[in-house]
Amino acid sequence: MTERVDLQEPVAPPGIELPPAPAGGPVIHESLLRIRLRLFRKAMRRNWRLFARNKIGLVGLGIILAFALVALIHPLLMDRVWDPAVYHPVTGYDAVVREITIVDEVTGDNQMTLADAQRNANPFVKVGETISIPNQPAQPSRTHWLGTDPLGRDILSQLMYSTRAAFALGAIAAIVTVFLATTVGSVAAYYGGWIDSLLMRFADLVLLVPLIPVLIVVGALFTLTLPLLGVLIGVLSGFGGVAIVLKSQALSVTVKPFVDAARVAGGSNRHIIFRHIIPNVLPLSFLYMMFTVTEAIALEATLSFLGLMNVQMSWGLMINVAHSQGYLLSGTSYWWLLIPAGMAVTLLAAAFFLAGRAMDEVVNPRLRRR
Amino acid sequence: MQTAESSMSTRPQGRSDAPLLEVDDLTMEYHTESGTVSAVVDVSFTLHGGESLGLVGESGCGKTSVAMALLRLQADNAHFLKGEIRLNGNDLLSLSENEMRTHRWSDISMVFQGAMNAWNPVQRVGDQIREAMDLHIDPPLTKAGSRERMEELFSIVGVDPKMLDRYPHEFSGGMRQRAIIAMALSCNPQLIIADEPTTALDVIVQDQILKQLKRIQREFGMAMIYISHDIAVIAEVTDTIGVMYAGRIVEFGSTREVFERPKHPYAYLLLNSAPSITGPRRKLAPLKGEPPNLLNPPTGCRFHPRCPFATEKCVVESPPLEDVGAGHLVECWHWDQVPVITEKGVA
Amino acid sequence: MVKFISKRLVQMLFLFVIFLTILFFLLEAQPGDLSQTLIGNPEIPPEAKELLADRLGLNEPLWGRYWTYMTNFFKGDMGVATSQYPTSVGALIIERLPRTLVLFLSATLLAYYLGFVTGKVLAWRRGKATEYLLTLGGVGLYTVFYPWFALLMIWGLGFTLTNLTGWRLFPIGRFIDTNEWTGGPFSTNQVFSRMIWVSALSMIVATVVTYVARKRLEYPQAIKVRNYVFLAGVAFPFLYFAVIETAMRTYALDILQHTMLPVITLTLVAFAGIMLLTRSSMLETLREDYILTARAKGLSERVIRDKHAARNALLPVVTSLVLALAFVIGGGIITETIFSWPGIGRLLFDAVVLEDIPLAMGSLSIIAVLALVGHLIADIVYVYLDPRIRYQ
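Chains as they are written, first to last, in numbering that gives the first Met the number 0: chain A, 0 to 369; chain B, 0 to 346; chain C, 0 to 391.
Since the hints were made in silico from the structure, they are not lab data. Values in this document were obtained by computation on a predicted structure and should not be read as measured data. Careful: at least some of the hints might be erroneous.
[Said to hold, decoys possible] Only part of the chain C face toward chain A is listed, based on derived beta-carbon distances under 7 angstroms:
#	residue
1	LEU12
2	LEU14
3	VAL143
4	LEU150
5	THR177
6	TRP180
7	GLY182
8	GLY183
9	PHE185
10	ALA325
11	VAL351
12	ALA359
13	LEU363
14	LEU369
No residue lacks a Cβ here, since even glycine has one placed at the ideal position from N, Cα and C.
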């Protein structure tokens with residue numbers, strides 16, 4: 000027969016001392032809100048440190064800030080420093096002219112043959128005359144640091160003005176994407192079943208069909224303004240790959256025990272989705288927001304370049320104007336028509352990409368280096 | 000290099016005279032972003048052919064680091080400060096990488112922690128085992144010869160030889176573990192290191208595998224180093240045991256001796272913190288505190304913050320390794336104060 | 000495996016039908032008169048207009064129109080190109096399709112192969128200067144504004160190189176030098192088809208031989224065979240035109256010269272993405288336990304890198320083929336436009352500019368089919384590579 004064993008306080012064998020037990024229980028003095036705030040600030044500081052560890056993230060952030068500064072400065076310049084008649088990015092015109100002497104054979108600068116002069120100026124000129132022809136696009140000079148475009152507008156002003164459009168477009172696309180993708184991902188993960196299948200099939204479709212030809216055709220059927228394009232990009236990318244990624248993230252949250260606990264405690268579906276799932280998915284969506292902006296900037300520039308956008312001025316449009324008038328394929332001499340605009344698109348898109356990659360290391364702990 | 004002849008024939012059992020493995024004053028540290036971690040300090044032990052040694056200790060005590068060092072598979076940020084690892088007289092730490100490769104698997108092989116994932120998911124299991132054999136067995140076996148040998152290995156560990164043509168994901172957890180053991184045996188090593196080989200398995204499979212390991216080791220006269228945090232398991236399988244704490248071996252001796260009469264306070268508390276179903280009813284002794292942060296280890300004896308016997312001396316001076324009789328070694332200033340618990344109570 | 004393929008095929012078909020439906024409603028939703036858009040070309044005589052309206056189902060109610068639209072498509076009838084009346088859309092597409100396929104396929108295959116090999120090597124050598132530079136270069140190529148990059152390539156390799164060396168290695172766009180071909184014995188399509196056939200056959204033979212070698216021989220020899228056979232497969236088409244079919248030689252060379260720059264441009268940018276992806280995939284794979292096992296077995300670094308790590312790192316890269324495909328197709332369209340290269344992409348763009356809606360819709364649909372087929376192939380390749388899915 001076994002003896003009953005009574006549960007007693009642990010007593011150490013002889014020769015050993017036990018540590019003292021804590022008296023009473025732990026007591027919290029701070030309010031919940033203050034604790035949350037403190038944790039939030041701490042988390043932000045830690046995230047910033049992680050982000051800053053990665054130099055390329057800082058480079059990306061720096062470039063973004065630089066461009067933002069440019070966008071803010073431009074209206075000031077237009078107001079106070081520059082003469083709008085000349086420097087306005089869309090309607091400005093600088094009546095720079097060149098003096099050309101008409102000769103039989105071109106032997107030096109500022110000379111032109113009769114045939115060329117008749118073509119460029121008027122048909123009634125004669126050899127030996129000096130005529131003035133407009134000098135557009137003009138090379139960079141003291142008055143026009145980056146020169147002018149074929150329509151006589153200042154390139155630098157155009158460059159700065161387009162920054163605004165780029166940011167606006169990026170913002171619209173990003174917000175729409177985050178909103179859509181988070182909702183779609185969370186709903187699909189939480190409800191599962193046929194809702195999940197339907198949404199994921201749709202996401203597959205969006206992922207499959209390449210964006211550019213679709214947008215080209217949409218551009219043909221409808222007029223593409225900047226806000227419309229932003230919404231379109233947001234919708235198309237929000238329903239696509241991002242939704243799939245966010246859905247797996249939401250799924251990993253759904254199976255966590257605290258969701259079951261919330262359900263048992265009586266939480267409605269809506270409550271669980273908004274209070275538990277979405278907050279855990281949101282950091283990842285902010286990450287993808289960065290990549291959406293990258294994509295949006297590049298897409299708008301491509302569509303403007305192809306002449307399909309209804310926008311007043313953008314970097315892509317700058318290249319389009321130069322290209323459609325043949326200045327870009329006649330040689331490499333008109334470099335200021337191509338290099339600055341393309342560089343701007345590349346830099347800003349790259350900056351968001353790099354910042355996004357650095358953010359990736361903050362949000363996705365698996366990628367952190369030891 | 001192993002010859003094909005001595006495939007699965009038995010070797011002389013028990014201890015042979017010349018030591019197989021000698022570790023002298025092995026000291027390692029890791030250079031991390033937060034600082035330098037002193038992970039292994041002055042670890043020394045000797046292993047003879049056919050002997051089985053157990054290394055026991057909490058997570059982070061350095062046992063895996065030692066195991067990795069034996070195969071020179073240490074992490075990139077690990078550095079050897081001093082020490083030698085002699086296999087049959089050759090210092091492994093001084094070899095070039097190419098030379099070390101010839102020793103890996105053919106002289107020392109390893110069964111890793113979480114060996115489930117030790118298989119390449121896109122290759123058949125048989126191909127992966129043959130890969131090792133083709134590399135180390137000289138003269139090389141023919142396709143038929145290696146097939147025969149693998150089937151033999153699989154029957155030893157208790158897996159259906161037909162599974163050799165399957166992929167790892169088609170194996171169950173326990174089968175994968177057994178297959179890993181088979182692969183570890185494939186080149187007839189002199190020493191097998193088993194690092195927590197049964198941690199992720201259920202108790203019944205664990206028991207089976209342990210028994211198998213013991214049997215294989217006895218039958219083929221291999222030396223074995225068994226690493227675990229589970230003392231019960233170590234007790235079953237090993238002849239000699241080394242208790243590690245915070246990077247040092249604090250107690251060393253025959254398994255029976257250390258179990259029945261632990262002399263280091265850590266070992267004592269460890270062994271007496273688990274109740275025994277069959278043993279005498281006695282009061283439990285909990286181990287207070289946590290393992291130390293090896294970025295900034297305690298001065299003197301590394302166990303002193305948690306030790307009920309600690310004195311001023313323990314804070315200041317690190318105790319040397321003392322022989323307390325019959326090859327039973329302890330690193331403690333106050334080992335004589337550690338009580339001995341027998342059937343009848345405290346001695 | 001067959002079950003998987005057929006299931007995927009059905010899924011793709013289903014998705015394509017949805018896509019066509021969306022396209023249809025897009026067409027319906029556009030502002031303006033539909034019949035004007037579709038058959039409003041003044042060149043079309045009135046009787047023909049009646050017939051066309053009937054064929055396109057313009058006189059029927061919405062559901063009738065939809066049904067006609069869908070059945071027409073699957074019959075192969077995509078309407079008449081209003082900008083090139085009376086040529087049918089289908090005829091135009093068939094003429095251009097092989098060219099675009101060549102562009103896409105060569106760019107994709109090259110980008111994948113180069114990107115994978117570079118990424119694999121890059122991940123293996125960490126912390127050296129080359130790693131930093133290559134990664135930087137890769138990110139640069141990946142994020143560069145593509146039309147800008149294409150134009151820069153023309154400037155660099157087209158103009159500048161020619162000016163420096165006096166050697167017109169890369170012509171500035173277009174498909175052929177029409178001057179050289181007028182009055183010649185061959186049509187572009189003749190020569191082009193021959194080039195495609197010879198290259199395709201050569202590649203297929205090379206692949207089959209490699210496959211057999213892998214099965215029969217040991218790993219190191221099989222790799223050697225693969226390398227030699229691959230080189231032979233690439234060299235053979237050149238030899239063919241140099242020695243066997245010399246009459247076509249200059250024409251084939253002309254086409255080749257004009258195709259090189261577009262392919263190189265598209266490949267460079269696609270390659271960067273693949274390289275970066277392979278690199279991160281390798282880095283993740285290197286943390287796996289089986290890499291440790293491979294090391295413990297005493298295998299050489301190269302074998303571990305290629306046979307164990309890279310083989311597994313390949314899987315996520317193939318999965319991303321889908322995204323890369325979207326880029327190659329979109330980028331291909333831009334490439335064709337900028338280089339004036341006459342493929343489907345350029346067809347689409349020209350159609351849009353000329354407001355030839357039937358042609359635009361038809362081109363878009365074909366492009367979507369290409370995307371879907373590409374996706375299907377990627378899925379099949381993935382299943383073949385990952386035994387965990389193959390043997391369930």
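Hint check results:
1. Annotation: C:LEU12 was flagged as interfacial toward chain A, and the flag is violated, the nearest CB pair being 12 angstroms apart, outside 7 angstroms.
2. Annotation: interface hint on C:LEU14 holds; nearest CB of chain A at approximately 5 angstroms, less than 7 angstroms.
3. For the restraint placing C:VAL143 at the interface with chain A, the shortest Cβ-Cβ distance is roughly 5 angstroms, inside the 7 angstroms limit, so the hint holds.
4. Given hint, C:LEU150 at the interface with chain A, holds; its Cβ is 6 angstroms from that chain's nearest Cβ, closer than 7 angstroms.
5. Among the interface hints, the one on C:THR177 is violated; its C-beta lies about 17 angstroms from the nearest C-beta in chain A, farther than the 7 angstroms criterion.
6. Using the Cβ-Cβ criterion of 7 angstroms, the hint placing C:TRP180 at the interface with chain A is not satisfied: the shortest such distance is roughly 22 angstroms.
7. Annotation: C:GLY182 was flagged as interfacial toward chain A, and the flag is violated, the nearest CB pair being 27 angstroms apart, outside 7 angstroms.
8. Annotation: interface hint on C:GLY183 violated; nearest CB of chain A at approximately 26 angstroms, more than 7 angstroms.
9. Restraint check, C:PHE185 versus chain A: the minimum CB separation of about 28 angstroms is more than 7 angstroms; hint violated.
10. With 7 angstroms as the threshold, the beta carbon of C:ALA325 comes within range of chain A, its nearest partner Cβ sitting at about 4 angstroms, so the hint holds.
11. Because the smallest distance between the Cβ of C:VAL351 and any Cβ of chain A comes to about 4 angstroms, under 7 angstroms, the interface hint for this residue holds.
12. The beta carbon of C:ALA359 is positioned within 7 angstroms of a beta carbon in chain A (closest approach about 5 angstroms), and the interface hint is therefore held.
13. The beta carbon of C:LEU363 is positioned within 7 angstroms of a beta carbon in chain A (closest approach about 5 angstroms), and the interface hint is therefore held.
14. Proximity of C:LEU369 to chain A is violated relative to the hint, the smallest CB-CB distance being about 9 angstroms (cut-off 7 angstroms).
Checked against the numbered hints above, the structure violates hints 1, 5, 6, 7, 8, 9, 14; every other hint is satisfied.
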